[in-house]
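Chain U is already provided as a structure; the job is to place chain D with the ligands on it using the hints.
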Amino acid sequence: MTQASSDQPMASETDLPASGPVQEVGEIFDVTRFGDYTQLTVVAPGVARAFQPGQFVAVAVGGSQTSMLLRRSFALYGVKPGSEFAGTIQFVVAVHGPGTGWLAAQRIGARLDLVGPLGVPFPIPREAVPAVLVGGGYGTAPLLPLAERLIALGSEVEMIVGASRAHRLFGELQAKRLIGKVTVTTDDGSAGQLGQVTDPLPSAIERLGAEIVYACGPMGMLAAVGEVARAHAIPAQVAVEEAMACGIGVCMTCVLPVRGGDGVSRFVRSCVEGPVFEAGRVRWADVGTLPADLHGADGMGVAR
Amino acid sequence: MADLRTSLGRLRLPNPVLTASGCAAAGKELSQFFDLTELGGIVTKSIMLRARSGRPTPRMAETPSGMLNSIGLQGPGIDSFLAHDLPWLRGTGARAVVSIAGGHTDEYVALAKRLYNHPVDLIEVNISCPNVENRGQVFACDPIAAGRVISAVRRAAHPNVGVFAKLSPDVTDIGVIARAVTDAGADGISLINTLLGMEIDLDTLRPALGGVTGGLSGPAVRPVALRCVWQVHQAVPHLPLLGMGGIMTGQDALRFLLAGASAVSVGTAVFHDPTAPIRILRELEAELDACGFASVTDAIGFAHKSEEQRAALLGGASQSVPA
Ligand SMILES: Cc1cc2nc3c(=O)[nH]c(=O)nc-3n(C[C@H](O)[C@H](O)[C@H](O)COP(=O)(O)OP(=O)(O)OC[C@H]3O[C@@H](n4cnc5c(N)ncnc54)[C@H](O)[C@@H]3O)c2cc1C
Ligand SMILES: Cc1cc2nc3c(=O)[nH]c(=O)nc-3n(C[C@H](O)[C@H](O)[C@H](O)COP(=O)(O)O)c2cc1C
Ligand code: FES
Chain U
1 MTQASSDQPM
11 ASETDLPASG
21 PVQEVGEIFD
31 VTRFGDYTQL
41 TVVAPGVARA
51 FQPGQFVAVA
61 VGGSQTSMLL
71 RRSFALYGVK
81 PGSEFAGTIQ
91 FVVAVHGPGT
101 GWLAAQRIGA
111 RLDLVGPLGV
121 PFPIPREAVP
131 AVLVGGGYGT
141 APLLPLAERL
151 IALGSEVEMI
161 VGASRAHRLF
171 GELQAKRLIG
181 KVTVTTDDGS
191 AGQLGQVTDP
201 LPSAIERLGA
211 EIVYACGPMG
221 MLAAVGEVAR
231 AHAIPAQVAV
241 EEAMACGIGV
251 CMTCVLPVRG
261 GDGVSRFVRS
271 CVEGPVFEAG
281 RVRWADVGTL
291 PADLHGADGM
301 GVAR
Chain D
1 MADLRTSLGR
11 LRLPNPVLTA
21 SGCAAAGKEL
31 SQFFDLTELG
41 GIVTKSIMLR
51 ARSGRPTPRM
61 AETPSGMLNS
71 IGLQGPGIDS
81 FLAHDLPWLR
91 GTGARAVVSI
101 AGGHTDEYVA
111 LAKRLYNHPV
121 DLIEVNISCP
131 NVENRGQVFA
141 CDPIAAGRVI
151 SAVRRAAHPN
161 VGVFAKLSPD
171 VTDIGVIARA
181 VTDAGADGIS
191 LINTLLGMEI
201 DLDTLRPALG
211 GVTGGLSGPA
221 VRPVALRCVW
231 QVHQAVPHLP
241 LLGMGGIMTG
251 QDALRFLLAG
261 ASAVSVGTAV
271 FHDPTAPIRI
281 LRELEAELDA
291 CGFASVTDAI
301 GFAHKSEEQR
311 AALLGGASQS
321 VPA
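These protein sequences, in sequence, are chains U and D.
1 is the number of the first residue of the first sequence in the working numbering; add one for each residue after it.
1 is the number of the first residue of the second sequence in the working numbering; add one for each residue after it.
Keep in mind that a hint or two might mislead.
[To be verified] One-sided and incomplete, this derived list gives chain U residues near chain D with beta-carbon spacing under 8 Å:
no., residue
1, SER67
2, CYS246
3, CYS251
4, GLY288
5, THR289
6, LEU294
[What the hints assert, rightly or not] Under the rule of at most 25 Å between Cα atoms (straight-line distance), these lysine to any residue pairs were calculated in the SDA-like manner:
no., chain 1, residue 1, chain 2, residue 2
7, U, LYS181, U, ASP298
8, U, LYS80, D, GLN32
9, U, LYS181, U, ALA223
10, D, LYS113, U, ASP298
[What the hints assert, rightly or not] Label pairs and their calculated CB-CB ranges:
no., chain 1, residue 1, chain 2, residue 2, range
11, D, VAL224, U, ARG49, 53 to 63 Å
12, U, GLU27, D, THR275, 15 to 25 Å
13, D, ARG135, U, GLY195, 46 to 56 Å
If you're looking for bench data, these hints aren't it; they were derived computationally from the structure.
Note that CB positions come from ideal geometry on N, CA and C, so glycine has one too.
Chain D extracted, bound-state conformation:
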């Protein structure tokens, strides 16, 4: 049995499978299907300072092996989250990764300050939001704005709590953004957020989503996500990565580890199968054993390694791994 323990910076996790922001709410609904403490952690829906209604319906469209969503970050606002959702989640004993989102740097900073005295295991900064101060340019697409948000959050957050920047794949060179947030003090990087897409409804001959465009997720985006993890691992090899995008099976999860992720988030798969994160964890365990990995740590970034490094890690099993 492979050792499943991993870490995201200073945060130690019993295993590398977490939920994805926006696909598990704050855990309560999924707790009807499995014990939340069995996962590496629960990543909560991105929370903002104030309550947000979100966008008008329709908010989703199914696409081949994927879906588009235009939820628009509906949520109760940080006060309600801290009063109800976070205490409930912590009460289960699960590890809580809190995702925050904002329209300008000050809003992210205010959120980090509000979280300062609360029991949070990690802060994931969703920077795939339009920057109100820069004509709606998405933070994650602008290395300067992305770096500014991350350094400000890093300074405002509790020093013992890691700050992860969540990157968008909708950029020309994701390595540039990765280096910018790393220089700004990010303790790690989560990737990828959804890809911008759209669908047209042939009954109405109009965009299928109320928000016109939406975020594409699910297996359809997995190769893009894997490529992003690979490139970011090359760009910032020492930074821990939380990989996600279309993970449906333990084999998919292993591919993300091999590309350089230290842990993975399971998002859209939960809609298909509410127990997917637990199933994926079990399957990953079996896959690691089948490949001859003694631990998750050995598998992280393995696809990047030289022949000598591989042989050292897999020992006798190296012959069975094709070069």
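If we strip away everything but chain U, and leave its shape as in the complex, we get:
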């Protein structure tokens, strides 16, 4: 539901972006495997043109007679708007169920039906500020173009990439090429240091004098990163992943409880008002519940 701007946590986000998403059919130009992941490079000049780091693409899966009605969402990176060649986009697929299984099995030359770029991008500071970027699993993907953007601004950037195990790491090499300073963690110690991304985060923030943290990964990790940033009194901008039916803001399936600038919490759509949120505004502990103080909860028969 399109809501009144006064109802929104961040008023500037209610207006649709000037250069909105497009729907286009793009040919797969390259397929590369990284550990457990499959990276697809797809010719998609329309999606590439308006892309900003943090945005995602919604891909139809299963072919023209598919019984899988809903699009699958993937964070974008490696976007080349193109000069003499048509623009290309990249996204990485972790096989989760039938839809991602179908995508990971596609070959070069196959055509994909895409809608994008979707969602609110990572906010970029006006001037160079030291920043720590934290990626969990394939969550590193959207941080790569963000790092590029921040470095181009002259920001000092450090990156922490983590996963449960070595095969679930993504983007370590690309990150090292971009930044040089990359810390790797795995839960089982099969690569980098044993532990979680939040272990080296405090020292990275302090060493750099970081003024902002950016993160993408599982919900629990984002909540923990938000806590560390809060303890250092700096903001954390995080990209969430919530099940989405439409990806374009019309269905209301993808909501999270988010505290607004007015102090009132609401269910907000992570596809159009996210996927990037200020971590401190998301009520992580209440995800999957209906908190009694949420705007409109009284209308559901929940006692306040």
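Okay, now just chain D with the ligands, sitting in the frame of chain U:
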């Protein structure tokens, strides 16, 4: 080229393809993908008197050729809708069908009164809501409660604005409900709303939806929807019907017209393809031509017609249509 014009009671439409309530919000997001005025109309998400948070997540589960949703009618409430969403939609020049929902008859009446002085093309009354005054019994499953809501809304709404009752397929005899809302003064009937269903998550071994049960939509429900349109057209042949349920192509849309719908709504297909309503309209136009229909009006209810009526409508083309 077939004449695409149709009407839903007094409301004349340039073509018979609309969006479905809850699948197009109030049009703004879809306007990034196509010109809203090209459709027959935009049916807005059911609005209630007060703001509603909706249900906890997860709110959806994909199922074979369909999906379950348990949104729980999240919305900003009628005041915000009238201040922001409706003016925006009207500003585009699109036709606005406003869907209303409530927990008791008085709430529906209050909504109809709030809409009285606003530029609305049609009111669709979503009666697939639990009746707070009758132990949560869904209005649409009870002919008496359904009739009471519709007659009250009909009296409260602007006399020039049509009132359509939106029916649920989860009833023993949909014809009984159709007759009840017709007797209550409905100007037409929209059908079908989603079917009640559920899914269990094998990771958690619990219901997959936060709301436990949810509404099933998409191509999986299309045969049920088509049957409902057929039966309701038989029950109340003179009432205009807005048919929906799993429409993905122009062929699907034509089947609903043939079963008795005067127009169709496209819902879940939008999630698969944001331009689906426009594509379906183009495909429907081609299908009508291919079948030899000179107009949408000729196709409405055609599957019910006798051999003589068919021959009269299709003229020379009748031989190619199997009996
Ligand atoms: C903004 C965003 C960015 C994402 N980026 C990536 C990425 O870069 N790489 C990657 O591998 N995956 C990413 N995901 C997750 C990916 O979309 C899901 O893993 C995928 O949809 C699962 O589909 P499936 O058919 O394999 O699994 P199933 O479990 O069979 O999917 C069934 C349904 O549930 C939905 N669903 C299930 N799990 C998720 C989930 N975790 N998130 C969202 N929807 C889900 C699916 O869309 C589908 O409609 C992202 C999700 C979002 C919302
Ligand atoms: C996510 C979602 C939300 C819906 N919300 C509403 C609603 O608010 N009011 C209503 O009358 N119907 C609602 N519906 C039902 C649709 O309008 C439609 O009747 C039904 O989905 C069948 O059509 P379809 O298969 O084309 O989607 C909703 C359906 C979906 C999938
Ligand atoms: S996925 Fe439909 S509103 Fe976000």
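**Prompt:** Against which earlier hints does the structure fall short, listed by number upward?
**Reply:** Hints 7, 11 are the ones this structure does not satisfy, whereas the remaining hints hold.
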